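Asker: Each chain, written out:
There are 2 protein chains.
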Amino acid sequence: MEVFFHPSSVAIVGATEKPGSLPGIILKNLLDMGFQGRMYPVNPKYETVFGLRCFPSLLDIPDEVALTVIAIPAPLVLEVVQQQARKCIHHAIIISAGFREMGVEGTKMEEEIKQVAIKNDIRILGPNCLGVLDNYANFTTSFLSWERVSYPKKGSLSILSQSGAFAIALLDLASQEGLGIAKMVNYGNRLDVGESALLPFLRDDAHTRVIAIYMESVDYGRRFIEAARSCSEKKPIVALKVGKGAAGIAAARSHTGAIAGNYAIYQAAFLKAGIIEANGLEEFIDGVKALSMQSPPRGNRILIVTNGGGFGVIVADHCSENGLDVPLPSAQLKEKLRNKLSAFYVVSNPVDLTGSACDRDYHTALTACMAESDEYDAAIIIPLMAPQGMTEKVVDLIADTMKRSGKPAVICTVGGAFTLKIKQLFEEREFPVYPSPERSAKAMSMLLKRRKLQEDVQRSSHTKLQSHKE
Amino acid sequence: MEVFFHPSSVAIVGATEKPGSLPGIILKNLLDMGFQGRMYPVNPKYETVFGLRCFPSLLDIPDEVALTVIAIPAPLVLEVVQQQARKCIHHAIIISAGFREMGVEGTKMEEEIKQVAIKNDIRILGPNCLGVLDNYANFTTSFLSWERVSYPKKGSLSILSQSGAFAIALLDLASQEGLGIAKMVNYGNRLDVGESALLPFLRDDAHTRVIAIYMESVDYGRRFIEAARSCSEKKPIVALKVGKGAAGIAAARSHTGAIAGNYAIYQAAFLKAGIIEANGLEEFIDGVKALSMQSPPRGNRILIVTNGGGFGVIVADHCSENGLDVPLPSAQLKEKLRNKLSAFYVVSNPVDLTGSACDRDYHTALTACMAESDEYDAAIIIPLMAPQGMTEKVVDLIADTMKRSGKPAVICTVGGAFTLKIKQLFEEREFPVYPSPERSAKAMSMLLKRRKLQEDVQRSSHTKLQSHKE
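Taken in sequence, the protein lines are chains A and B.
Position 449 of the first sequence, counting from 1, maps to 449 under full-length UniProt numbering, and the rest follow consecutively.
Position 276 of the second sequence, counting from 1, maps to 276 under full-length UniProt numbering, and the rest follow consecutively.
Bound conformation, chain A alone (with noise of 0.2 angstroms):
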């Protein structure tokens, strides 16, 4: 696989400096990107493109070639994957649409081109899809401007996706959260290469923190439970699963020719896989956001801390509905809590620090419940920036004592342009941010489900375990 990632070299069919033309974009963004690997502009009608030496064709290339990107009209594409078996070529990504998403004839030439993949070694990636961006290599094969689309910084998250608006989607999204990126996959048709050959992939990749999947259907059943679970031992997978009722099922047929199916087995095979479900796209991202930046709580014993009594009682209605506990504070600790915090404070679970809050409130509030005390697991935290006593000192307070306290935090808060400044301030120290209440609950609770899969797979690894000795 990582030769789709990090190529020593790379053909780029069609490659010309007329604008719009994707080989074009493609070798532009490789140039603009500092890619380091060799490229090759192929194309009988040129000499050079962009300063490099253009070839008539792949067999005129005199040296070694590993990788070849393809992105000219359909009906050409058969013809360079044989001339690529004949120059020993053992891997290509495919850009070019108009295969089995068209229908029968689509689907036709997509099987021929399978039939000479297979008897020659090649592998492919595609076709009907963006390919792959490599953050660390600075190798992509996305034909879209980076203009239009943020264009991300590196980290830790990597995205597999058969959709490619959505992969840049989730890159715009990713940008706007504070979170890097380490690789993103498109696959779009997935003629060959899936989530099962490349979640082993990622498993051992040093870069992947969290994987991320957008999935419309799975390659191969069984392979990719066995790829999932192998690789969510060792990192998180959220997964977004779409094409779930009959309306969604037949737009994923006409989409990537995907054959979604039943719905019911997919959530099946995410249990046993230790896959994190997100059900809609910000469900997704905000889960991926609180797996990248906190760890899984040790229970689910929630503590909320406000200063927007109104936000603490909808954050409680939505613990309850997400399955977290919102226990009341022991009388000892309230008792302390009541000889630190104003007489006007509420000294309960929400503590309310109410309107006359300021910095210092959050503080003494989170070391007495989470530093000085075991009676929470996690805080979701709402520090609501509207009242003067306010400032952005909150943030290092906050994150400095949770920190302190060894547990994991969510925060939630809604505003203006101040607000956003400390989001991002919060960002910058691994605090996830939430703009509403039940979004805050949400990815609590999907950290949470990363206890509770890890716990359930080690259980089940040991059984298997035992019974073989047995």
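Heads up, a few of these hints could be off.
Any copy will do: because identical chains look the same in the list, a pair fits if it lies in one copy or spans two.
As the list claims (entries may be wrong) - Heads up, simulated DMTMM-like pairs for lysine to aspartate or glutamate below, C-alpha to C-alpha not over 20 angstroms straight-line:
no.	residue 1	residue 2
1	Lys108	Glu79
2	Lys234	Glu277
3	Lys452	Glu233
4	Lys393	Glu147
5	Lys235	Glu430
Hints were generated in silico from the structure; no laboratory data involved.
Just so you know, these numbers come straight off a predicted model, no measurement behind them.
Take the given structure of chain A and dock chain B to it, following the hints.
Answerer: Relative to the frame of chain A, chain B by itself:
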């Protein structure tokens, strides 16, 4: 009620120029907003406050006073209300906290004030609240600085909120979502004036077109249902009920002293009153936005148009989840689309214009499916802005075509800075934009809910009328 929002004269008890004092900030906010009524600072310590003549007590004001604003410590409030009784001032907004929400002692103080008020025919808003904002009278009793909170533009949304922090957050969110505000009321402990008194007032308020209610509990069950029902016949009401589960109910009690009660009873009451219920803050603002910008569809046949196939699939899934139909186009309509669109596009529902889409394709698809056909009642449109063929022009093309069709639409789009600009342009044309597929489908379902509730209310009014005649 009018006096609370647009008083001819107002006394601000405790006014001072000292920074940080609530009555001082309130007076300053009024001066900054250019409030045109007479203002009387009341404080025995000063001759003038912010250049206005200051009076030792209410009784020393030589003129009639329409409204008092009381934001002094709780134990001092009763005496002011007694003075107010002697001076025949019939309206008071009590901002001060430290009453019912603090337990037995506070409840006693609140009850004493209530007795004086009843005896002397004084209507009270509060205590423990921010009071009001009337965006057309330039009147507010908010003690928050407009540096931290987005000052809302004039508009047609009115907010009723038991929670102050929530009311303020809604103002911020409304600004972000391009929604203008007519009135905001936060009544906190609701000693007297609550939803049942305010809803009839808002029903007849010329500036208010949509009403949003944040509710922990209700003041008078039956009266509320009647008031809300009569109001919702004219204007949509969206409610966020919080304090649902045990944790939330406990939290609500220590927040505003509210007895949140059995959630199922609230759900039944909302249905009867024609109120659209939202689950969570985002659904709340999303529904309010849809209802402020678009009309309810005539039926539930939804067309999805996108240039990102994956997004189409997720929207289709969430349409099913929310009871919306995504019917396939007729053979005739399919043929029409096939003839007008590129052969690569997927002509189905969703209509997938793929990564090759350009602005005009949206016009073409929507003209055929919405303006010139009667197969769909509403559209969810997902223009993704990453491809080069997509420009700002898509906004007018979509908005004009949909307006011509006379059918509602909501927009979903995801992306960075360029996408945010597109969002703003759409919302200037009154098309609500959502940042995720699930939220766009949910918002559409809330538009449809409005239609259904209206029909229910009309049907049952009609039945009543019939039975009266018989």
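Asker: Hint by hint, note whether the structure agrees.
Answerer: Tested hints:
no.	hint	result
1	Lys108 <-> Glu79	within (14 angstroms within a copy, 88 angstroms between copies)
2	Lys234 <-> Glu277	within (17 angstroms within a copy, 42 angstroms between copies)
3	Lys452 <-> Glu233	within (12 angstroms within a copy, 48 angstroms between copies)
4	Lys393 <-> Glu147	between (35 angstroms within a copy, 18 angstroms between copies)
5	Lys235 <-> Glu430	within (18 angstroms within a copy, 44 angstroms between copies)
Checked against the numbered hints above, the structure breaks none of them.
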